[in-house]
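Asker: Single-letter residue listing:
2 protein chains.
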Amino acid sequence: MTFHEIEGGVCAPKGFTAGGLHCGVRKNKTKKDLAMIACSVPCVSAAMYTQNKVFGAPIAVTRENLVNGVAQAVVCNSGNANTCNADGVSKARAMCRLTGEALGLSEKDVIVASTGVIGQTLELEPIAEGIGRLSRQLSENGGRDAAEAIMTTDTIAKEVAVEFELDGRPVRIGAIAKGSGMIHPNMATMLSFITTDAKIEKAPLELALREVVRDSYNMVSVDGDTSTNDMVAIMASGLAGNAAITGEGPALETFIAALRRVCVRIAKLLAGDGEGATKLLECHVLGAPDVKTAKIVAKSVICSSLFKTAMFGADANWGRIACAIGYADAQFDINRMDVSLSSLKGEIAVCRDGFGVDFSEEKAKEVLLEKEIHIRIDLKQGDGEATAWGCDLTYDYVKINGDYRT
Amino acid sequence: MTFHEIEGGVCAPKGFTAGGLHCGVRKNKTKKDLAMIACSVPCVSAAMYTQNKVFGAPIAVTRENLVNGVAQAVVCNSGNANTCNADGVSKARAMCRLTGEALGLSEKDVIVASTGVIGQTLELEPIAEGIGRLSRQLSENGGRDAAEAIMTTDTIAKEVAVEFELDGRPVRIGAIAKGSGMIHPNMATMLSFITTDAKIEKAPLELALREVVRDSYNMVSVDGDTSTNDMVAIMASGLAGNAAITGEGPALETFIAALRRVCVRIAKLLAGDGEGATKLLECHVLGAPDVKTAKIVAKSVICSSLFKTAMFGADANWGRIACAIGYADAQFDINRMDVSLSSLKGEIAVCRDGFGVDFSEEKAKEVLLEKEIHIRIDLKQGDGEATAWGCDLTYDYVKINGDYRT
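Sequence order for the protein chains is R and G. First residue of the first sequence: 3, per the numbering used here; consecutive thereafter. First residue of the second sequence: 3, per the numbering used here; consecutive thereafter.
Derived from the structure by calculation, the hints contain no laboratory data. One or more of the hints may lead you astray.
Remember, identical chains collapse to one label, so a pair may be satisfied in a single copy or spanning two.
To be verified - Each computed PhoX-like pair below joins lysine-lysine, with the alpha-carbon atoms no more than 20 Å apart: (1) Lys-294 to Lys-382; (2) Lys-401 to Lys-367; (3) Lys-29 to Lys-294; (4) Lys-382 to Lys-55; (5) Lys-294 to Lys-55; (6) Lys-33 to Lys-382.
This structure is a prediction, so every number in the text was calculated from the model and none was measured.
Work out the full structure, taking the sequences as your base and the hints as a guide.
Answerer: Right, here's the structure in full:
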């Protein structure tokens with residue numbers, strides 16, 4: 003199986019166009035705040051949503067619209083989450099209706115999303131005007147604009163696309179995502195829209211999304227806060243011309259591997275662009291009794307404020323890793339663990355069989371001053387393995403969030 | 003029932019002396035690093051320990067020594083946690099032996115604790131010398147020195163004492179504590195040593211400690227990191243002359259109420275002195291289906307990095323409270339909740355029946371610029387109530403922890 007990374011983001015797969023512009027939800031006119039993705043044909047679609055009991059109105063409306071597993075467009079604004087607003091659901095429905103009218107689709111075939119401040123009334127007027135204007139600007143080159151229009155505190159637009167083969171035909175998967183703070187997906191994800199031209203039925207598409215999200219988006223944490231508006235949605239146009247994937251088998255496996263490649267890339271982009279982050283942290287746990295335990299341990303380390311802050315300071319204070327392993331909510335033996343830290347500058351072992359080992363502080367500093375740090379934890383008691391991604395905790399995280407609304 | 007707050011900390015109850023000095027575990031000679039508390043008679047004693055699977059050697063040794071429920075002294079160093087060290091247990095035992103020899107006690111009657119950096123070899127020589135010197139300096143005025151000697155990143159020494167009556171006789175409870183970072187006790191606590199002259203048997207003493215810790219220390223979070231060395235220990239000298247408390251009844255209830263008063267005060271001191279904190283946050287949840295749910299919700303809010311950072315910025319971004327309530331791991335209805343924020347400067351309602359309400363940003367700023375902020379969440383569906391304490395997340399937290407070891 004070979005995958006090629008290609009350009010184009012969500013517009014790389016056949017049938018899709020996209021765009022993004024500033025409509026006025028945000029005061030700052032240089033920031034795009036409305037994104038749209040559309041397909042030339044109805045798409046088999048699936049989505050996963052936040053597990054937060056407080057969820058945005060668009061989550062409720064998209065869930066209704068996707069009951070039949072069909073969608074043909076996405077509309078998403080940034081700057082306002084349309085959450086905890088008395089009239090939120092009617093406004094989210096209006097966004098679908100306006101998008102449907104502009105594109106000549108049923109409002110039920112529109113996926114709607116919002117991201118931004120919670121609990122502030124969403125003004126519909128600028129969005130209504132923006133939807134009309136944006137629907138006439140959609141193009142095969144618009145993926146980047148859409149990626150930019152869904153950004154909040156993100157510092158980089160996030161898009162990925164890959165190409166692979168099924169039945170001798172090229173098949174593509176593309177994705178955009180946003181997410182920088184309030185990132186700790188729980189059985190769901192931050193906002194991410196994925197497109198593909200693979201021909202695939204609803205059930206295997208849902209299965210693929212569930213399986214891949216579990217190992218990618220759900221293994222990212224920036225600050226431990228699970229957002230009210232998390233959503234990942236995938237739309238499959240079927241225009242690649244492969245034999246339809248109807249259930250388990252080699253074709254679905256290939257599709258899942260390609261989707262995993264896309265989502266893990268996006269997950270790392272999200273973690274590395276966490277609010278205020280200067281470093282991407284990747285924690286790989288192996289030798290755990292099972293995969294579930296490995297995941298819990300990897301996430302516990304990635305979520306530790308003390309460890310994250312030490313990484314910002316390039317301080318090999320590995321006691322904080324040991325501490326976070328120890329309070330991970332799972333049953334395992336902590337007396338055999340080996341821990342090491344590595345980067346492009348090399349590797350340092352800090353713990354062997356549960357006890358500290360001497361290391362050069364100078365070398366440790368050199369390793370930890372890099373932009374991407376890998377933490378390897380071998381529990382030496384089984385075959386369970388997992389990887390989680392996060393970022394350091396910095397002055398800028400505090401600065402960004404001390405006064406987010408202004 | 004009346005309680006009077008009195009001076010003296012752990013030396014307020016009859017029979018106890020204490021002291022603290024610099025022995026050399028720390029490089030900085032102006033910082034005390036060795037504390038001792040002793041009683042003139044053997045004490046009925048109980049303790050609770052960290053639930054972290056990685057726990058310090060002193061935790062293992064104290065647990066052994068307290069099997070019979072009797073102790074007569076506490077020895078505690080700061081600057082080194084004596085955790086994840088191959089020879090940690092033998093050194094913790096040596097600290098007990100040396101303390102026992104200096105005070106003329108069995109080493110089994112000594113409670114030993116350490117706090118500081120994890121995974122660095124503990125040098126016994128300075129401690130051995132210090133124990134000898136300190137044992138000759140113990141006095142009824144030494145509670146404050148002991149409180150200072152157990153501090154790590156704490157900015158204030160923490161001691162509390164109360165007096166109340168049992169059987170017409172004055173009874174006293176005193177406590178010292180340390181804890182500023184790595185604070186998220188889980189069924190146990192940070193370091194706290196409590197003394198009392200109440201006459202009370204082992205079983206009711208253990209029951210009282212368990213019940214009170216649950217509602218005080220275990221409801222504090224500074225950074226979500228449960229330490230490897232958490233311990234709370236209580237020693238009862240029995241010298242007050244009350245009729246022995248042997249089981250449930252009004253006397254035990256009075257004792258528990260007094261102990262709660264002491265521990266809640268300490269909990270608030272710990273939260274307010276969280277690493278880098280500028281504000282004490284108190285979250286009161288009421289109207290929950292049950293107490294357990296109320297606790298989970300209160301802690302979820304207190305632990306949210308986004309909410310903590312907003313409080314640092316005096317920003318009434320209540321969507322972050324709603325978000326943290328929503329991802330709390332419990333079952334309840336979020337559609338009826340009322341949320342308000344208050345301080346000495348007044349109260350602002352921000353959410354009613356689950357939806358945002360208009361409020362004056364100017365007034366909100368005035369309220370939130372105070373040092374102590376109360377968050378009131380009424381879920382309006384039952385009688386469950388709980389309070390949790392925490393602090394804001396600030397630049398100084400990042401600064402302190404970016405390079406903790408140097």
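Asker: Look at each hint and say if it fits the structure.
Answerer: Hint by hint, here is what the structure shows:
no.: 1; hint: Lys-294 to Lys-382; in the structure: within (15 Å within a copy, 36 Å between copies)
no.: 2; hint: Lys-401 to Lys-367; in the structure: between (26 Å within a copy, 17 Å between copies)
no.: 3; hint: Lys-29 to Lys-294; in the structure: neither (44 Å within a copy, 43 Å between copies)
no.: 4; hint: Lys-382 to Lys-55; in the structure: between (38 Å within a copy, 16 Å between copies)
no.: 5; hint: Lys-294 to Lys-55; in the structure: between (24 Å within a copy, 17 Å between copies)
no.: 6; hint: Lys-33 to Lys-382; in the structure: neither (49 Å within a copy, 40 Å between copies)
The structure does not agree with the numbered hints 3, 6 stated previously, though it agrees with the rest.
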